[in-house]
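Undergrad: Residue-level listing of the chains:
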Amino acid sequence: MTEVAPAPAHPVQERKRLGDHLREIEFDPRMIGMVAALAVIWLGFNWLSDGAFLTPRNLWNLLVQTASIAIMACGMVLVIVTRNIDLSVGSMLGFVGMMVGLVQVRLLPELWGLEHPLTWLVSLLLAMTLGGLVGLLQGALIAYLAIPSFIVTLGGLLVWRGAAWWVTQGQTIAPMDSRFRPLGGGVEGAIGTSASWAIGIGLCAAICLGAALIRRRRKRFGFVLRPLWAEIAIVGLGCAAVLATVMVANAYALPAGVARRLVEAKGGTWPEGGLSIGHGLAVPVLVALAVGVIITFLANRLRFGRYVFAIGGNPEAAQLSGVKTRKVLMLVFGLMGVLVGISACISTARLNAATNAAGTLDELYVIAAAVIGGTSLAGGVGTIAGAMLGALVMQSLQSGMVLIGVDAPLQNIVVGIVLVLAVWLDGLYRKRLS
Amino acid sequence: MSIAEPADIAATHPGQDTPLIEMRDISIAFGGIKAVDGASVDLMPGEVVGLLGHNGAGKSTLIKILSGAYKADAGTIRVNGEEVTVSSPRDAKRHGIETIYQTLALADNVDAAANIFLGRELLTGWGTLDDATMEAETRKVMSRLNPHFRRFKEPVKALSGGQRQSVAIARAIYFNARVLIMDEPTAALGPAETKQVAELTLQLKKQGIGIFLISHDLHDVFDLADRVTVMKNGKVVGTARTADVTQDEVLGMIISGKCPPAAVAGPGALRS
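So the protein lines, in turn, are chains A and B. The end of the first sequence is residue 434 by the numbering used here, with every number in the run present. The end of the second sequence is residue 272 by the numbering used here, with every number in the run present.
Please keep in mind that the hints were generated in silico from the structure rather than gathered at the bench. A hint or two may mislead.
What the hints assert, rightly or not - Just so you have them, the derived chain B footprint on chain A, three or more residues with Cβ under 8 Å:
#1 210-221
#2 319-327
Said to hold, decoys possible - Here are some of the chain A residues that sit facing chain B, going by a computed Cβ distance under 10 Å:
#3 Phe297
#4 Tyr307
#5 Glu316
For each residue, glycine too, the CB sits at the ideal point set by N, CA and C.
Excised from the complex, chain A in its bound form:
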């Protein structure tokens, strides 16, 4: 069964339990638990809402709503892994969103005129830069002045919320540039069915290629390999998830009026009985996916990520090993800020307006997503994929409760209880493991 490459002999193994099997194929059982929890939540709400939850329309919206929190959760994982916390992300999102609105609606139109083709790009880059600078500033205070991150970012929570108001004395800025709006999803933020298939197939190819490359490399060094069946199952599951997502997104039909305009714009004629054109994947979901892949790469494949985890495991050891711990810490907060900038654009574009209340309470959802996703507040442990899944769990709960008509106050109560419950279960699991 187990393929053992020639060089190092494997010790004689006794009878193994399921957990050992899972560890052998290097698959985190917690991930399976989370997917199972998600399945239960989805099926439960689907049952309670008489089949309204598991519809392409609801799932499509669910993914779009998750994007902003999921992106920030990626950064929060790294922050928490270093034994820190960032309470300021919601306020930062509000402040950066207001600045983006100001530049996009008041400044750039004066310079370049309305609807300039580069307006969206300048807005996005500005948001990332501004967010990054704010993050670096807070990171510098934490790393070099040794002020606890809880305090610095608690201050940030107040400062940036106040600053968000200050930008326009509380006025809401709208509307956004038409090339910027797709970042928020909606009809204009759907990329269409054929492009979605292309991306889906491309992703599947990347998953297969990646798995094959890693396997070949391990084989060359004579390491123990995953059993082939496990490898195929994991790759198969990944591809299936990607293709299923594409299918669901494509099954969500555009409103008839929009579809008709689309057909006519391409010079076609609108058929008598109408025509169903799917949305396809949404831009914010793709952005979130790209962020997830990039941050995972950063965390697992680059020195920076290795240092982040080593600092979380033992800050003193990392420093004695010659790691510039303070610089790494500052950069982690800078990266968090850049991701807040991206999320600020998504929220602003989605709302088609910049308001100073944007992102209120987001810090709590982001932290909750990371923690539900298996990030340990004690530091050193956490995965990006887990946090993104955690964000999806949180959003599923909220959307589901809206769908079945739970009162708003009760929604908060449920989300709060689930968070505490999830962390307790995770703690139990960890204790059993060690």
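Starting from the structure of chain A, add chain B where the hints point.
TA: Relative to chain A, chain B alone:
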């Protein structure tokens, strides 16, 4: 007040000239308390020097200055006769000075390879971590130190005390150290593992590596060390060849600061 002028070194080391490490008149204070006060020690290639003293005598602090964890307020460090500045662990490692800390200084949440290469990761041509090569190298070095070690993929938190010690030692010797600092290397080990560390010490000594062995327990180091330097209240009591003194005499140096005639007295020696 420097005690061991070059003449003294020549006296204790006939036939050898340049010490691998020479620390001269090192002082460091923390908030007004002089943790190390004008201490001088040296180390020849292939020599084991035991650094002894009570808890708080300043031996760990002195050695942390050499390993770059602290920066001395005064004094000089020479490596192979050349004066160097050691202001970070990185500097020390660049001079071939490796340290095995008493706490082992391992990142518990990552695996053996990640710990051994921490701060000195091997990279692929793309600038990404070359985990496969690092794991292969780890397997090589660990097979020398601890042939039964198999848990390469697990966080070091899951390892036994001896296995963790092996990882810490592997990290120190993998990068061709010239000087090895072992701070209480056997404090957390059982008798069998302690013996293993002793054997390893002798093996490294044969390869010409200079070793500082720090301990508050005389018996741990007396048999292994060629010389002992005793510290008390931040000052060097004296330095002696283990062949010239008895354990009781060294014990006297540790406890009362009384320097036997066979030892070279330092500034911390009891004046009679």
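Undergrad: All hints, please: hold or fail.
TA: Against the structure, the hints:
Only when three residues or more bring their CB closer than 8 Å to a CB of chain B does the claim for the region 210-221 of chain A stand; here the count is 4, and the claim holds. With 5 residues having a Cβ less than 8 Å from any Cβ of chain B, the region 319-327 of chain A passes the three-residue criterion, so the hint holds. Checking Phe297(A) against chain B by beta carbon gives a least distance of about 8 Å; that is within 10 Å, so the hint holds. For Tyr307(A), the suggested interface contact is upheld, since its CB lies about 8 Å from the closest CB of chain B, less than 10 Å.
The interface hint given for Glu316(A) is met, as the beta carbon of that residue sits about 6 Å from the closest beta carbon of chain B, less than 10 Å.
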